[in-house]
Amino acid sequence: MLIDATILFQIAGIGIITALIHTVLKQVGKEDIAQFVSLVGFIIVLVIVIHHLADLFQQIKSVFLLKGL
Amino acid sequence: MKWFGALLLIATTTYIGFDMSNRLSERTKQIRQFILSLQMLEAEMEYSQLTLQQIFQTIGKKTSYPINSFYSHLAEQFDFVVIDFLDVWDRELDKLITVSALKKNELEIMKQFGRNLGQHTFIQQQKHITLAIHHLQQELDEANDQRVKYEKMMKSLGILIGLFIVLLLF
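The listed protein sequences correspond, in order, to chains A and B.
Going letter by letter, the first sequence gives residues -12 to 56 in this note's numbering.
Going letter by letter, the second sequence gives residues 7 to 176 in this note's numbering.
Chain B extracted, bound-state conformation (with noise of 0.2 Å):
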């Protein structure tokens, strides 16, 4: 029975640390889509000229897993009358980061974007686009830079703590 106990302790602590380092790498993934996603933004813009409705319906489509959501709910938003277009997008960000491994800074850049979203003629949002995408590529960076540092550490530290705790108990 102890070492039955044992064994689940450090089963936990070991999964905990897997866990906290895929979200590192999940990070900059999820990062990368959401300038992908930026990306499509401009382009169906340019050359579609769909409504905004449309082109997060796409957007939707073409992304995977939590960026997906994100632009799908907000598609589904514009089914009823919206009155407040920044209440929404903000709304649909901070559900948005409940399920994924963004942090506040990534959130921080699509709520002062979605300030500017359909406030300006086309070059003005280009503009804003082109800075969004570079605000997101440096926290891309910094994202990197945090999962090359960490990644390793967070999984041998979890089986340590686990190891370490048992040898405490017993």
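Next up, chain A with everything else stripped away, as it sits in the complex (with noise of 0.2 Å):
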């Protein structure tokens, strides 16, 4: 079985970055943008998530021979 890895090493990529830049600007005081950087992470992996996810869908789709539906 064949998994491409690199979509989960983004991800948590994404992930560690996003909690990065989220301490440096709490350590600071800007609680505020800190919140938002956040929320815009995790929507950002959200959005490659679902991505993923339409594409997986599709495939059982077409297992189950429902392509026409």
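These are computed hints drawn from the structure, not numbers from a lab.
Please note that a few of the clues may not be correct.
[Unchecked claim] Interface residues of chain A toward chain B, partial, derived using beta-carbon atoms under 7 Å:
{"id": "1", "residue": "Ile(-6)"}
{"id": "2", "residue": "Gln(-3)"}
{"id": "3", "residue": "Ile1"}
{"id": "4", "residue": "Ala6"}
{"id": "5", "residue": "Leu7"}
{"id": "6", "residue": "Ile8"}
{"id": "7", "residue": "Val11"}
{"id": "8", "residue": "Val15"}
Since the structure is predicted, the reported quantities are computational estimates derived from the model, not experimental observations.
We treat Cβ as the ideally placed atom computed from N, Cα and C, and that holds for glycine.
Quick one: dock chain against chain with the hints and give me the complex.
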């Protein structure tokens, strides 16, 4: 079974970096911006994941021959 | 090629971050220079009683980069007939703000100071100088606070945002 691991590392990296930015901003007392950055990071990851989930559903559809529906 | 582009991107954002943090520390230095120059102006007025042009020349020689060009340009302007000193002063200040890290507040203080330069007796003039120095000192304190607070943040944010964008595009 072949799995492309790049996406995992990408999401993990985005998570780590967002957390770091959050920490840095929180340290200087810009809590509001820190929250916003976290939110943006979350949304970006969500978009990536949804993109791939859509692929997954397409695959399932094709497996069960539901293409026409 | 991909890696090269990623490195370039990170280098750019890192540079931007360092530049912004540099700007913060430059601002405190330049305000300090301005305060120093006003003190020199006061001393020159009191003891040597030179003309404004000569005073500006000596101050221009004694201060460092962005401030000295301001004063030497002012001195140069006096080579021609100056109809409206205020106009010259404001124009030079506007020029200064484009090359220095100074902000609008300092500019406004100096513009206000220019309104009173050469309009009064020495004692009153001295009061105006002290007032301007006082205002600048306040700006300096504020700039110092900001520098301590944001200098490190700018540096790390530069690198982090670079990494973030690279990861997004990967």
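We went through each hint and held it up to the structure:
Of the supplied interface hints, the one on Ile(-6)/A is violated, with its beta-carbon coming no nearer than about 10 Å to a beta-carbon of chain B, more than 7 Å. Interface restraint check: Gln(-3)/A against chain B, minimum CB-CB distance 6 Å, threshold 7 Å, status holds. The interface hint given for Ile1/A holds, since its Cβ lies 5 Å from the closest Cβ of chain B, which is under the 7 Å cut-off. Here the hint on Ala6/A is broken, as its CB sits about 10 Å from the closest CB of chain B, past 7 Å.
A hinted interface residue such as Leu7/A counts as satisfied when its beta carbon comes closer than 7 Å to some beta carbon of chain B; here the least separation is about 5 Å, so the hint holds. Nearest Cβ of chain B to the Cβ of Ile8/A: about 5 Å, under the 7 Å cut. The hint holds. Of the supplied interface hints, the one on Val11/A holds, with its beta-carbon coming within about 5 Å of a beta-carbon of chain B, less than 7 Å. With a least beta-carbon distance of about 5 Å to chain B, the hint placing Val15/A at the interface is held under the 7 Å criterion.
Of the numbered hints listed earlier, those contradicted by the structure are 1 and 4.
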